[in-house]
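**Q** Keeping their order, the protein sequence lines are chains A and B.
All residue numbers for the first sequence refer to the working numbering, where the first residue is 1 and numbers rise by one.
All residue numbers for the second sequence refer to the working numbering, where the first residue is 1 and numbers rise by one.
Treat the hints as calculated values from the structure; they're not laboratory data.
Mixed in with the good hints, there may be bad ones.
As the list claims (entries may be wrong) - Computed spacing ranges between beta-carbons, pair by pair:
(1) B:171 with A:109: 49 to 57 Å
(2) A:82 with B:215: 31 to 39 Å
(3) A:107 with B:54: 42 to 50 Å
(4) B:214 with A:9: 50 to 58 Å
(5) B:100 with A:82: 35 to 43 Å
(6) A:23 with B:54: 52 to 60 Å
Where is the CB? At the ideal position from N, CA and C, for every residue including glycine.
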Amino acid sequence: MKRFFRAMPLSTILVLVFFCLLIVLGLSADILAPYDFRETDILARLQPPVFAGGSWDHILGTDEIGRDVFSRILYALRTSLLIAAAGTLIGAVVGTLLGFVAAHFRGPLEQIIMAAVDFQAAVPFIILVLFFMAVAGSGMWIFLLLVGLAGWEVYARLTRGMVLSAREQNYVVALQGLELSQRTIYLRHILPNIASALIVQLTLNFPATVLLETGLSFLGLGVQPPNTSLGLMLGDGRDYLLNAWWIAVFPGLVIFTTTLSMSILGDWLRDRIDPLSQSK
Amino acid sequence: MRARALLARGLRMVATLLVVAIAVFFMVRLSGDPVTILAGPDADPLYIERMRVRWGLDRPLYEQLLAFFGGALRGEFGYSMKIGIPASELFLERLPATLLLGFCSLALSILVGLPLGIAAALKHNSALDRFVMSLSVMAFSMPNFFLGVLFILLFSLQLRWLPSYGSGSLAHLVMPVLTLGLSSAGAIARFTRSCMLDVLNQPYMLAARARGIRPQRRTFLHALPNASIPLVTILGLRLGDLIAGAIIVETVFAWPGVGRLLAESVANRDLAVVQVIVLATAATMVLANLAVDLLYGWLDPRVRKS
Chain A
1 MKRFFRAMPL STILVLVFFC LLIVLGLSAD ILAPYDFRET DILARLQPPV
51 FAGGSWDHIL GTDEIGRDVF SRILYALRTS LLIAAAGTLI GAVVGTLLGF
101 VAAHFRGPLE QIIMAAVDFQ AAVPFIILVL FFMAVAGSGM WIFLLLVGLA
151 GWEVYARLTR GMVLSAREQN YVVALQGLEL SQRTIYLRHI LPNIASALIV
201 QLTLNFPATV LLETGLSFLG LGVQPPNTSL GLMLGDGRDY LLNAWWIAVF
251 PGLVIFTTTL SMSILGDWLR DRIDPLSQSK
Chain B
1 MRARALLARG LRMVATLLVV AIAVFFMVRL SGDPVTILAG PDADPLYIER
51 MRVRWGLDRP LYEQLLAFFG GALRGEFGYS MKIGIPASEL FLERLPATLL
101 LGFCSLALSI LVGLPLGIAA ALKHNSALDR FVMSLSVMAF SMPNFFLGVL
151 FILLFSLQLR WLPSYGSGSL AHLVMPVLTL GLSSAGAIAR FTRSCMLDVL
201 NQPYMLAARA RGIRPQRRTF LHALPNASIP LVTILGLRLG DLIAGAIIVE
251 TVFAWPGVGR LLAESVANRD LAVVQVIVLA TAATMVLANL AVDLLYGWLD
301 PRVRKS
């Protein structure tokens, strides 16, 4: 582990520290936020941030009904990170599982799964999401499920390919000779061998999931008030750009830096685990 | 491509569209009775009954499916429940704006992304290469709704050069095109670079160099045509992404296109309109795929012969 991280350039270490900081900030929103994120104070509405003539009471200013922007960002960060994390995990688990199923059973089941993979890869995902929302409405659980299904096809294709090639390899042939159960072979032997590629995919998929959630929330189709997400804050703040740019700009900056740091970490991890892709 | 292969492709296209259309039909019908949703809980039962008859919702499902296909062939997809005019008319009215936005931003992203990608590949591992790659990661990570908001702050509110929303003049087009074009320019630059790197390491490039062919000629006549084969795929995908890619940007700039219509219709649950747009997107994707295949045949003699 120590050796693994020693190869990390200083700039990437800084990015990692920054990303951990974001997670800590989001998770401890309850402790760190100076105000409740729903608390309004009509007398203190539209106050600028402290470095633009505001006061230390509201470091990042207040919005149109006097809610503290800094506190809201902390809570919104937590919502967005949790949804993106849960969504990424759902996609990874569903996709990996279906990849194993396709590789194990082959035949018509594999054909159906791979046809679904091709379909999902061909249709812009946001269109599917919007169609389902128009049909089924937009509840929190539907939303989470839809965000989770983004990108499952990549894991399914990846897993199927890797499992099929692993089964040809000597160690798996040997294990089968030992008459271990199929489950043990898959879970204890093949999965650990293909895990690194899946984890790389997970890190690369995470920024896209954040962008999907914040984008839908920005359109008013994702997280619903009184809950808040970074995309929702930015969408609301758009109406006050002329008088209060800070309502929209700070959440936007947080989204951008979150996805940027995760992309940089994902690229580094991919180059580290799969040196062949380094030249690309 | 041979005529038979072309025919097989055509049939598969039609089959794909048919499957999508049937799936859309059943999903929409499963979602519940649109009349009850529209009329609200306090509506007169007699009124609801009359509306159901008028929209054919009282007939058996297979009859509705046939009517749906019959209508689709004539270009009729039902009425927008919100505004009451035909959904297809609403769609066609908004289409030119989206096409204009889509093609301008595609052109911009190629004009910016392609040269940057080629330059980065030629100067592999140089400062320029790292700079282009950093830009491309940033473009990928930047949500285009935030980029749009930043443009509005800068160009509309600070400098007062451009109108912040609406359409009608060339000035209205600038910011939406910049936002959409720059965000996909990053992806195109990155992809161009990796395609070019693959080709530049091929033995025939070394052979060309050994024959004394000048660098510029090698780049543009030997490397680029070969690198352009995978590039065409990604450009085809962008073309199919025309509507989906524009949803957020059109909303940010109140651009009267199909993307914004889709976002509004989903919020209003105006299913007839959503249905038309989903089917149109599917058709665009299928056509873009076909265009890519045909271009492959034109670009790559090996595909043509097989």
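**Q** Lying within 35 to 43 Å: is that true of the beta-carbon distance residue 100 of chain B to residue 82 of chain A?
**A** At roughly 39 Å between Cβ atoms, residue 82 of chain A and residue 100 of chain B fall inside 35 to 43 Å, so the hint holds.
**Q** Does the Cβ-Cβ separation between residue 171 of chain B and residue 109 of chain A fall within 49 to 57 Å?
**A** holds, 56 Å
**Q** For the hint 52 to 60 Å, verify it against the beta carbon of residue 23 of chain A and that of residue 54 of chain B.
**A** With a Cβ separation near 55 Å, residue 23 of chain A and residue 54 of chain B satisfy 52 to 60 Å, so the hint holds.
**Q** Take a look at whether the Cβ-Cβ distance between residue 214 of chain B and residue 9 of chain A falls inside 50 to 58 Å.
**A** violated, 37 Å
**Q** Is 42 to 50 Å a correct range for the gap between the Cβ atoms of residue 107 of chain A and residue 54 of chain B?
**A** Holds, at about 48 Å.
**Q** Starting from the range 31 to 39 Å, see whether the pair residue 82 of chain A and residue 215 of chain B falls in it by beta-carbon distance.
**A** Distance hint for residue 82 of chain A, residue 215 of chain B is violated at roughly 52 Å.
The structure fails hints 2 and 4 (numbered hints given earlier, in ascending order).
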